[in-house]
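From these two lone chains plus the hints, build me the complex, please.
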Amino acid sequence: MSSDHPGRVGADRSVNVEMLRSWVARKAKDLPPEGLADDLPLLEGRHLTSLHIPELILLLEGLRGEAIDVERLQAGDFRDLRTIAARFLVGGPDPDAACAAETVPARSRGASL
Amino acid sequence: MTSQTAPTLREAIAAMSDTVERLNELSRAKYQNPYEAVEWPESVNPVEDWFFTPELSTLYGTPYWQQLDEPGQRRLTFDEAANFFSLNIHGEKALMEGLASRLYRSDLVEIADYLHHFLDEENKHSVYFGGFCRRYARVYRSRHVSFPRRPEREVEDLLFFAKVLIFEEHADRYNVLQAKDARLHPLARFINEAHHADESRHLVFNRAIVTAFWDAYSPGWNEGQREEIRDYLGQFFATTWREYYNPDVYADSGFDAPWLVAEDAWNAPEQRAHRRRVSAKCLRFFLSTGLLLEEPADVF
Chain H
118 MSSDHPGRVG ADRSVNVEML RSWVARKAKD LPPEGLADDL PLLEGRHLTS LHIPELILLL
178 EGLRGEAIDV ERLQAGDFRD LRTIAARFLV GGPDPDAACA AETVPARSRG ASL
Chain P
20 MTSQTAPTLR EAIAAMSDTV ERLNELSRAK YQNPYEAVEW PESVNPVEDW FFTPELSTLY
80 GTPYWQQLDE PGQRRLTFDE AANFFSLNIH GEKALMEGLA SRLYRSDLVE IADYLHHFLD
140 EENKHSVYFG GFCRRYARVY RSRHVSFPRR PEREVEDLLF FAKVLIFEEH ADRYNVLQAK
200 DARLHPLARF INEAHHADES RHLVFNRAIV TAFWDAYSPG WNEGQREEIR DYLGQFFATT
260 WREYYNPDVY ADSGFDAPWL VAEDAWNAPE QRAHRRRVSA KCLRFFLSTG LLLEEPADVF
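Chains as they are written, first to last, in the working numbering: chain H, 118 to 230; chain P, 20 to 319.
Derived by calculation from the structure, the hints in this document are not laboratory data.
Note that beta-carbon positions come from the ideal geometry of N, C-alpha and C, so glycine has one too.
One or more hints might be untrue.
What the hints assert, rightly or not - Using 25 angstroms as the maximum straight-line C-alpha spacing, the simulated SDA-like pairs for lysine to any residue come out as follows:
#1 H:K144 with P:T230
#2 P:K112 with H:E188
#3 H:K144 with P:L45
#4 P:K112 with H:P171
#5 P:K112 with H:K146
#6 H:K146 with P:L45
#7 H:K146 with P:R160
#8 H:K146 with P:E247
#9 H:K144 with P:G239
#10 H:K144 with P:D37
#11 H:K144 with P:R160
#12 H:K146 with P:E175
#13 P:K112 with H:T166
#14 H:K144 with P:P82
#15 P:K112 with P:L45
What the hints assert, rightly or not - Quick look at which bits of chain P chain H covers, simulated, 3 or more residues with Cβ under 8 angstroms:
#16 149-163
#17 253-267
#18 271-283
Bound conformation, chain P alone (with noise of 0.2 angstroms):
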């Protein structure tokens, strides 16, 4: 049953219509061979380099860190910046499974010339991300496991584009500090400032089409469902956080307890309060919507 004031998916769609045809212009004017942007050098080096911003580490502000020589910490952030990327990889690869899912589904063909930009731009993202795991480092494995599906499309479709906003908006961050840090070498700060151009695209997307999902299908669901959703979404943030937290990355910077590390990183209050920060912004529009009502529990 939907209610009365509630309006159709179409008509959600259609008041976002300015808003695609002005991201279409954009994406179609930045376009971009991913193969021809950048040169990749032959080598790099871990040790006398930085390829992720410092005070982005997990182990920032923890114990573990102030062991580490500076060496060591430029050592350990560049498996964290290849782990950066992993998670990026694996996050657009289910990313692209769900765009393509969706290209000219009958009641989301408004949106289709759109959905082709994002799914070209996930994957030249990919191109990036990949062309410097594998050059360089490794390509980190994931810990998701895919699963069937939800039956229900409404909240399915609501629940994707919620997940690639939370997922999109803590890497954009990442990407806006360190495409600015003239700390890093010049092709890390290149592949965070060629991914944040397209995302800039894709967060405003993101938050209209979410928008349009849940005024349009949320006032038909009962409390029950609407609670189901906000437990997901919130163990959401913590899944997502957790995947900074790779026990495979403190291994290959020398931790001889992977998992501990990864455990104490996770608890530090440091890094509770970092990720409070890199959250605000996506938790605040969670809040404003409904589609959250308080803070999800033990990630901050």
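Excised from the complex, chain H in its bound form (with noise of 0.2 angstroms):
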């Protein structure tokens, strides 16, 4: 089991946050001797890539536990750790999820597999 567990909905966002920094720290090249400063420009700065958000934007809707509009997404969204935890994991649900189509749950069992 990876240490980042997303699907932990509900769980206390600072314990969000760590684990989006967690993450980050892991995935991120070249950080500065100082290490992952909460304004550190993570695209910009080339320590992650376009490749990356994908696997971000699965680790944010599983700790968060809804989805993500994102077709309405931009890079400056992702532009450091303190932008990406007020845009997804600080504050109330995101609008734009609403406009999500058919995102999850769609046909909820209703039983635990």
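This is the structure in structure tokens:
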């Protein structure tokens, strides 16, 4: 089992942010000696690439327990840890999520599997 | 700076001209009309028929698979068939964009005829995949996000065709296995067979053009640039495989914690072994050319 364990819906937000930080620290390349600061530019600084985003979205969806409307995303949404946490983990539900077509759960059977 | 022994791109492409001409002839000979080649049933029954080889399911070999009865397994794999077709739709959208942007570019004009076939055939595949998903299931969303491209055209060319190669080699393995699987509904077998028929040519072209770009350009890159390319391709292996483990599919099949199911399935030893088997041929190519020096991390 991975240390990043999405799907724990309703977990404390600070726990979710720490899981996000842990994921980024594991994936990011060439972090500065002072470490992963909240405002370190992740894409602009080429610590992450656009190829990391689908996996990051999966993590964020699992942590918050709802889908993200991918069609409305922009590179700026993933600028740094602080932006990602504010945009996807901290605060109310994502208003865009309601627009995501046929997002999960679409046909829950109601019984745990 | 380019090494004296490295071919120019023109020379590297000229070296593959016989292969490209043979592929052109085959594409012309096997030209197909996707609107006449298949008769779509009025409806299909996802719990009575198999639409996806069960052993290819992302939950096969995990405890989740055992918790489903056979109709439930059929239902899950029907949704996985729609996901497989959907990720092909999204992949082919990006592929068609990339091919169209390279049509008649002055340094690639010698392969323009084949790019026309490639583009045409990808569009036809999407007609099949979209036809299935829109009639009987749905088109699952992609989690890919388009960001501004890299400034270096040579790197962009290499990465574009290398990503196409990885994506198509994986999908083709699924196509080959499913086209032969007598348990599957004839429509599912047909779509897989039709895709494979064209892809077998694309795979030959992909390997030739990736080799041409690598041979022509890589001697002029420094070690840092080559390492960045290798990191990027390694991450692409992870990204492209992750798409098969789609929480939206698990939710449609009735799982209450779909992201957890996706994470567990991704980490299951049986699934790691499965990915390694499917990627083996493709990995051998990348390791033999030097495009990769080792297996990508966190995938197998």
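Verification of the supplied hints:
Note on K144 of chain H and T230 of chain P: the hinted pairing is violated, with a Cα-Cα distance of about 29 angstroms set against a maximum of 25 angstroms. For the suggested pair K112 of chain P and E188 of chain H, the alpha carbons sit about 14 angstroms apart, so the restraint of at most 25 angstroms is met. Between K144 of chain H and L45 of chain P the CA atoms are separated by roughly 43 angstroms; this puts the pair beyond 25 angstroms, and the hint is violated. Of the pairs offered as hints, the one joining K112 of chain P and P171 of chain H holds, with about 17 angstroms between alpha carbons and a cut-off of 25 angstroms not exceeded.
For the hint linking K112 of chain P to K146 of chain H, the alpha-carbon distance of about 29 angstroms lies beyond 25 angstroms, and the restraint is violated. Taking the CA atoms of K146 of chain H and L45 of chain P, the gap is about 44 angstroms. The hint is violated against a cut of 25 angstroms. With a C-alpha separation of about 28 angstroms, the suggested pair K146 of chain H and R160 of chain P falls outside the 25 angstroms cut-off, and the hint is violated. With a C-alpha separation of about 10 angstroms, the suggested pair K146 of chain H and E247 of chain P falls inside the 25 angstroms cut-off, and the hint holds.
Of the pairs offered as hints, the one joining K144 of chain H and G239 of chain P is violated, with about 28 angstroms between alpha carbons and a cut-off of 25 angstroms exceeded. For the given pair, K144 of chain H sits about 42 angstroms from D37 of chain P by alpha-carbon distance, which is inconsistent with the 25 angstroms threshold. A distance of roughly 24 angstroms separates the Cα atoms of K144 of chain H and R160 of chain P; the hinted pair therefore holds under the 25 angstroms criterion. For a cut-off of 25 angstroms, the pair hint linking K146 of chain H to E175 of chain P stands: about 20 angstroms separates their Cα positions.
Restraint check for K112 of chain P and T166 of chain H: the C-alpha separation of about 20 angstroms stays at or below 25 angstroms, so the hint holds. Distance check on the hinted pair: K144 of chain H and P82 of chain P sit about 28 angstroms apart at the alpha-carbon level, beyond 25 angstroms; violated. Using a Cα cut-off of 25 angstroms, the hinted pair K112 of chain P and L45 of chain P holds, with the two alpha carbons roughly 24 angstroms apart. Given as covered by chain H, the segment 149-163 of chain P passes the check, having 5 residues with a CB less than 8 angstroms from a CB of that chain where 3 are the minimum.
Chain H is given as covering the segment 253-267 of chain P, and this holds because 8 residues of the stretch bring a CB closer than 8 angstroms to a CB of that chain, at least three being needed. For the segment 271-283 of chain P, the assignment as covered by chain H holds, since 13 residues bring a beta-carbon within under 8 angstroms of that chain's beta-carbons and 3 suffice.
Going through the hint list in order, the structure does not satisfy hints 1, 3, 5, 6, 7, 9, 10 and 14.
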